[in-house]
Amino acid sequence: MTRPGWTPSPVQVDRLAYRRRQSVRSTAVAVASTAAVVAVAVLVLTSSPGWPRVRQSFLDPQVALESVPRVLEGLWLNVRIMVVAAVVILVVALALAIARTLRGPVFFPLRAAATAYVDIFRGLPLILVLLLVGFGLPGLRLQGIPTSAVVLGGLALVLTYSAYVAEVFRAGIESVHPSQVAAARSLGLSRGQTMRTVVLPQAVRRVVPPLLNDLVSLQKDSGLISILGAIDAVRAAQISTAQYANFTPYVVAGVLFVLLTIPLTRLTDALARRGGWAGATSGLAGAGELR
Amino acid sequence: MTAPSSTPASGPATLPGSADRSGDAPLLDVRGVRKAFGDHVVLDGVDLAVDAHRCVVLIGASGSGKSTLLRTVDLLEEVDDGVILLEGDDITDPRRDADADRARMGMVFQSFNLFPHMRVLDNVTLASRLVHRVPRRAAQERAREMLERVGLADRAGAFPDELSGGQQQRVAIARSLVHSPRLLLLDEVTSALDPELVGEVLDLLGELKAEGMTMVVATHEMGFARHVADEVCFLHAGRVHERGTPEQVLGSPRQPRTQEFLRRITGAGRA
Ligand SMILES: Nc1ncnc2c1ncn2[C@@H]1O[C@H](COP(=O)(O)OP(=O)(O)OP(=O)(O)O)[C@@H](O)[C@H]1O
Ligand SMILES: [Mg+2]
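Order-wise, the sequence lines are chains A and B. Quick note on the working numbering: the first sequence kicks off at 29 and runs consecutively. Quick note on the working numbering: the second sequence kicks off at 5 and runs consecutively.
Possibly wrong hints are sitting among the right ones.
[Said to hold, decoys possible] Facing chain A, from chain B, some residues (calculated, C-beta under 10 Å):
hint, residue
1, D78
2, P98
3, A102
4, R106
5, M109
6, F113
7, S115
8, L130
9, R179
10, S180
11, V182
12, H183
13, R186
[As the list claims (entries may be wrong)] One-sided excerpt, in silico: chain B residues whose CB lies under 8 Å from chain A:
hint, residue
14, F41
15, E82
16, A104
17, A107
18, M111
19, N117
20, H121
21, A131
22, V135
23, V138
24, A142
[Said to hold, decoys possible] Beyond 10 Å from chain B on every Cβ pair, some chain A residues (computed):
hint, residue
25, D42
26, F149
27, P166
28, S203
29, A211
30, L215
31, G216
32, L217
33, M223
34, P229
Keep in mind the hints are simulated off the structure, nothing from the lab. Ideal placement from N, C-alpha and C gives every residue a C-beta, glycine not left out.
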């Protein structure tokens, strides 16, 4: 980094040497402390009186290997449900969020309905929605109501997550400064044109990190549809567990779910940092660059 | 160098639906406008008439309602009472299409309010494309002309936050001019700028005035008021407290309130 005609002053040389020493030292400390924590955890685990039995019934390599294909097949269903549900959720949630921002008495019924919907489905535990939709809807025996556990489970996910995601969108919409609206309207743009071309593009950009966060959560919660009998990863693991009389397939499913969400989580972090939104950075980045 | 509006040379007779319809009526006529926020009465019967091709400067203490008056004229606030006539049309009439009336005026804001997610060119063409239904190519051509006009043709592809404050404000002016407004409303367009950038924007306004643009300008720049304005209006207590030529209002104000205001701002270091 030396430019011709510039030699670092003794102060700068000293600073650089100090920083180098410091960074070597902190790396050493980090490695040592990580090793120590892992060692203690392993020690506590393996020295516990029940360890041999737990290892046998939860961490059997043979069972793990044999159950992987089946659990993976189930996971593929989770992924498909997640993708389809995510698309529907984004559309429904955006419509709900826009409905909640409409002003004027004409739109009161729409606004009230959207508000009520969000209030109800944010408050209801997902598992209750799953049970009510999964067993209640088919119970009506109406023509045209689907009976497949996958479709009903997906519907329950959409119902619940749309309420959350609508709130994320609404927060984004409200974070766009009113002066942006004033500028657009002063040009003669209508209310709808302003929403579409000025407010929403800015709002959506701002809420990408929290949206991805909800997506990670959706991926994980897609495992809950197994209670309706759909053969997803969790259900597949359950079946394998019964077959081998061993809990290892659950651990396999857990590991696969984590592996599936990690890329999305990292993407969320990366986008959040790029957007200057600090709330989502994981602890790995440390306390920040500033001294 | 297209004039954004009718130049005096083009003559009122060639302008469709312009002032000739109502004889010598002013282009903008604000009559008895009242506006309150809650209990706080900001405008308490403002009268203001602006003839075509004239530049009226609004001065007054902070909070005296300059911005509010400009916003009500641009229909960004609803009046509580009174009427606003633009070329003889009562634009405060709720039966009228407010979007179409807003499109007849241009407004420039203190904080620029460019759309940060759009490039400069898209900022300028947005209204042409959506409001005036100009085809993309024609809209871009027109926008480039306007950017040329404000000296920023080479920055058409930049995003607003890649420009200096003065450049951003010039883009905002280009944006407001692109659909040839009948009236330009400017709200303290230089007060967010560093002193060395103020000049470039004020020079531009001077040129627009020379080309015949009708303008209402809220400003603290007394130099601009003195050199460009045809009329200066001092807002106080929700009304136009004193009006006249710049020499008269700024040079030898009659009202004690005006004298006090001018003394205060010159005392604060403004010439
Ligand atoms: N949306 C609003 N809601 C409530 N009060 C408002 C609103 N807009 C303006 N006001 C109030 O109206 C008064 C006039 O504000 P306005 O912005 O018109 O003043 P101004 O003359 O432009 O002042 P400045 O020179 O500081 O820009 C202020 O007291 C302000 O607090
Ligand atoms: Mg103001």
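Hint check results:
Because the smallest distance between the Cβ of B:D78 and any Cβ of chain A comes to about 5 Å, under 10 Å, the interface hint for this residue holds. Taking 10 Å as the C-beta contact cut-off toward chain A, the hint placing B:P98 at the interface is violated, the least distance being around 13 Å. Annotation: B:A102 was flagged as interfacial toward chain A, and the flag holds, the nearest CB pair being 9 Å apart, inside 10 Å. A hinted interface residue such as B:R106 counts as satisfied when its beta carbon comes closer than 10 Å to some beta carbon of chain A; here the least separation is about 5 Å, so the hint holds.
Taken as an interface hint, B:M109 checks out: its beta carbon lies about 7 Å from the nearest beta carbon of chain A, inside 10 Å. A hinted interface residue such as B:F113 counts as satisfied when its beta carbon comes closer than 10 Å to some beta carbon of chain A; here the least separation is about 6 Å, so the hint holds. Against a cut-off of 10 Å between C-beta atoms, the interface hint on B:S115 holds, since the closest Cβ of chain A lies about 6 Å away. A cut of 10 Å between beta carbons decides the hint on B:L130: the least distance to chain A is about 7 Å, and the hint holds.
With its C-beta approaching chain A no nearer than about 7 Å, B:R179 sits inside the 10 Å limit, and its interface hint holds. A hinted interface residue such as B:S180 counts as satisfied when its beta carbon comes closer than 10 Å to some beta carbon of chain A; here the least separation is about 7 Å, so the hint holds. Given the 10 Å rule on beta carbons, the hint for B:V182 holds: about 9 Å separates it from the nearest Cβ of chain A. Here the hint on B:H183 is kept, as its CB sits about 7 Å from the closest CB of chain A, short of 10 Å.
The beta carbon of B:R186 is not positioned within 10 Å of any beta carbon in chain A (closest approach about 12 Å), and the interface hint is therefore violated. Restraint check, B:F41 versus chain A: the minimum CB separation of about 14 Å is more than 8 Å; hint violated. Because the smallest distance between the Cβ of B:E82 and any Cβ of chain A comes to about 13 Å, over 8 Å, the interface hint for this residue is violated. Because the closest C-beta pair between B:A104 and chain A is about 7 Å apart, less than 8 Å, the hint holds.
Interface restraint check for B:A107: the shortest CB-CB distance to chain A comes to about 3 Å, inside 8 Å, so the restraint holds. For the restraint placing B:M111 at the interface with chain A, the shortest Cβ-Cβ distance is roughly 4 Å, inside the 8 Å limit, so the hint holds. With its C-beta approaching chain A no nearer than about 4 Å, B:N117 sits inside the 8 Å limit, and its interface hint holds. The interface hint given for B:H121 holds, since its Cβ lies 5 Å from the closest Cβ of chain A, which is under the 8 Å cut-off.
A hinted interface residue such as B:A131 counts as satisfied when its beta carbon comes closer than 8 Å to some beta carbon of chain A; here the least separation is about 4 Å, so the hint holds. With a cut of 8 Å, the hint placing B:V135 at the interface with chain A holds, because the nearest CB-to-CB distance is about 4 Å. About 12 Å separates the beta-carbon of B:V138 from the nearest beta-carbon of chain A, more than 8 Å, and the hint is not met. Violation of the interface hint for B:A142 is found here, the shortest Cβ-Cβ separation to chain A being roughly 17 Å, above the 8 Å cut-off.
Remark: the non-interface label on A:D42 is consistent with the geometry, its nearest Cβ contact in chain B lying 38 Å away (cut-off 10 Å). Distance check on A:F149: its Cβ is at least 31 Å (rounded) from any Cβ of chain B, clearing the 10 Å threshold; non-interface status holds. Listed as a non-interface residue, A:P166 keeps its Cβ farther than 10 Å from every Cβ of chain B; the least gap is roughly 45 Å. With 10 Å as the threshold on Cβ separation, the claim that A:S203 sits away from chain B holds: the shortest Cβ distance comes to roughly 13 Å.
The Cβ of A:A211 does not lie farther than 10 Å from every Cβ of chain B; its closest approach is about 4 Å, which violates its non-interface assignment. Distance check on A:L215: its Cβ comes as close as 4 Å (rounded) to a Cβ of chain B, failing to clear the 10 Å threshold; non-interface status is violated. The Cβ of A:G216 does not lie farther than 10 Å from every Cβ of chain B; its closest approach is about 3 Å, which violates its non-interface assignment. A beta-carbon of chain B comes within 10 Å of the beta-carbon of A:L217; the shortest separation is about 6 Å.
Under the 10 Å C-beta cut-off, the non-interface status given to A:M223 relative to chain B holds; the minimum distance is some 12 Å. With a minimum CB-CB distance of about 5 Å to chain B, A:P229 fails to clear the 10 Å threshold, and the non-interface call is violated.
Violated hints for the displayed structure, listed by number in ascending order: 2, 13, 14, 15, 23, 24, 29, 30, 31, 32 and 34.
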